[in-house]
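J.: Each chain is listed here by its residues.
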Amino acid sequence: MAQFLIKRLIGLVFVLVGVTFITFIIGYAAPGDPIQEMLGNHFNLAQYMRLKHSYGLDLPWYQQYFNYVFRLLRGDLGYSFQTVNRPVFAILQDGLPTSLELGLWGLLVQLIIGVPLGILAALKSGTWIDTLSMGLAIFLFAVPSFILASLFQVAIVYLHLSFGVDWPVSGWGNTWQYSPTDIQTKIGPIIIYAAIGLAYFARLTRTSTLEILRQDYIRTARAKGLKERIVIYRHAMRNALIPIITVLGVSLGFLVSGAFFTENVFNISGIGYITIQSIYTRDYPVIQATAVLLATAVVLGNLASDLLYTVVDPRIKVS
Amino acid sequence: MAANLLEVNNLKTYFYTRGGVVKAVDDVSFIMKPGQTLGVVGESGSGKSVTALSVMRLIATPPGKIAGGEILFNGENILDKSRDELTELRGSKISMIFQDPMTSLNPVFTVGYQIAETVKRHRKDVSNEQAWRRAVEMLDLVRIPDAKRRAKNYPHEFSGGMRQRVMIAIALACNPQLLIADEPTTALDVTIQAQVLELMKGLSQEFGTAVMMITHDLGVVAGTCQYVNVMYAGHIVESAPVKQIFQTPAHPYTVGLLQSIPRVDDARGARLTPIAGQPPDMVNIPQGCPYAARCPKVQARCRQERPELQLVGRGDQSAACFYPN
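Residue numbers (full-length UniProt numbering), protein chains in the order written: chain A, 1 to 319; chain B, 1 to 325.
By construction, these hints were calculated from the structure, which means they are not laboratory data. Quick caveat, the model's predicted, so the values are computed rather than measured. Each residue gets a CB set at the ideal place from its N, CA and C atoms; glycine is no exception. Everything hinted at is true.
Where chain B lies over chain A, by a calculated footprint (3+ residues, C-beta under 8 Å):
| hint | region |
| --- | --- |
| 1 | 219-231 |
| 2 | 234-246 |
| 3 | 306-315 |
Chain A with its partners taken away, still in its complex shape:
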């Protein structure tokens, strides 16, 4: 067990080296110049050169990369180029709680609605219930969340103009607080954010449940005289959950990345929003930091799902 964890953490180091290198090279090679962005209309060559030097951007790319990695090893994420003298760490600290809140609620909605919907569709496979719920799932899965989000906002505005309904169309309210207004504000983004994952969980659960219901041991369970309820919820579900845990691991990782589209459409200042803004302004330290954060979380999420496997499936042992 300890050996397994150590191996995984060593693996994480290699993942991080790869991720930082790739994001660094892409940022370096991409058109655009952070100092130019910073100066804007007040461009002046002498000042430009001075700033470029002070940020170390006049060094060759490999030196810039090594400087970055060494600072990272000391736990120093550097300073933002745009919000002058703001440590990147503080910027992430601002966005993370909001993104986590949106992500956790979203994941909860996905599991609470998606998994039962998938089970229902599998049990009623071939009937109109199956067709309807899976049709809905395909729709939600296929429509990009920024379109869903915009449709949601348009619908709210229409309801407001026609019936005088008052409902917030953007923002997040106070992070981790649940006054009636906060709840109102949060419901929309959570539903939009959850939609795709919900559809994915529903389809996955349906497929895996159907697969398990065909297994011989389900016939055995019926031949033992067990009630259908027990056959399905005890004998089939324990097995059908195994593939769902894989996806759950990846979803756990993406909790910290924030919802790129949802956060941007609803103007929620989470990690997703920060990432997109930093890309617009070529704010390399922030881009790098969000990439490192996401990579770490995905690796740890997968680790969590591997450990969960051993709980659900006795055939899998950690070693």
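Using the hints provided, position chain B relative to the given structure of chain A.
T.: Just chain B now, with coordinates in the frame of chain A:
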């Protein structure tokens, strides 16, 4: 004579597929006495397993459907029973073991749990500890060494033969009156087959359980059964005590089956005599005797009418043939 344990009358189990209606079991009748061991032999698709699954009422509906007949168990028609009554019956009075022990046990529960669960289901007054003790006792009975410890193991920690013994333990845990074994040894290698068959034979005698042994292996039948039904294309074509099946087979199909078994005392290099041709298409069974197309003794009448199962004048032996041996 004791009352019949199982009486199947004119059972018809059909599958409604896109290609047409498959008459997997068509007008099958037979009886089983308490404690009797009945062999059901026939090639793949002859309706042996479907007959068994019909008795368990485990035919997947749709596409399958029991289209007619009755199945009397202790005089009560199983086809009239509600879902709840059926679950009471299954695993307690009638139980079943399946062909593939590797996939028939649930991988995420311990074998002890899977036995104890059956006991708990059918014996309301039994505590969890009592059910567990019964599970260990059953594992011991099916000769799993170190049963107490092994009960806590998962199916993947057992070999194929041991898993089939666990299946037997589950099936016999509630002292059923009828055990249906659907090709219980087909997936096992030969030495393990013999052990499992011996075990089933011994335990069914000890428990007084009647056994319906479904197999395509006449060797298994010879070793374990008292009485045999030979099935072909959804019909019983011959029904007789086991000795007579081997000594004086009446139906040409039974004769063909016996000729295609290799024997230890055959001359070296002697060729087996296979049955020529293919079993009929189950969707379009030609009129007349289903075996007519492959029968060496076929006459004009065989292609016109289907022969009914009738006594051939040697005691209990009957065959569905106009010209029995």
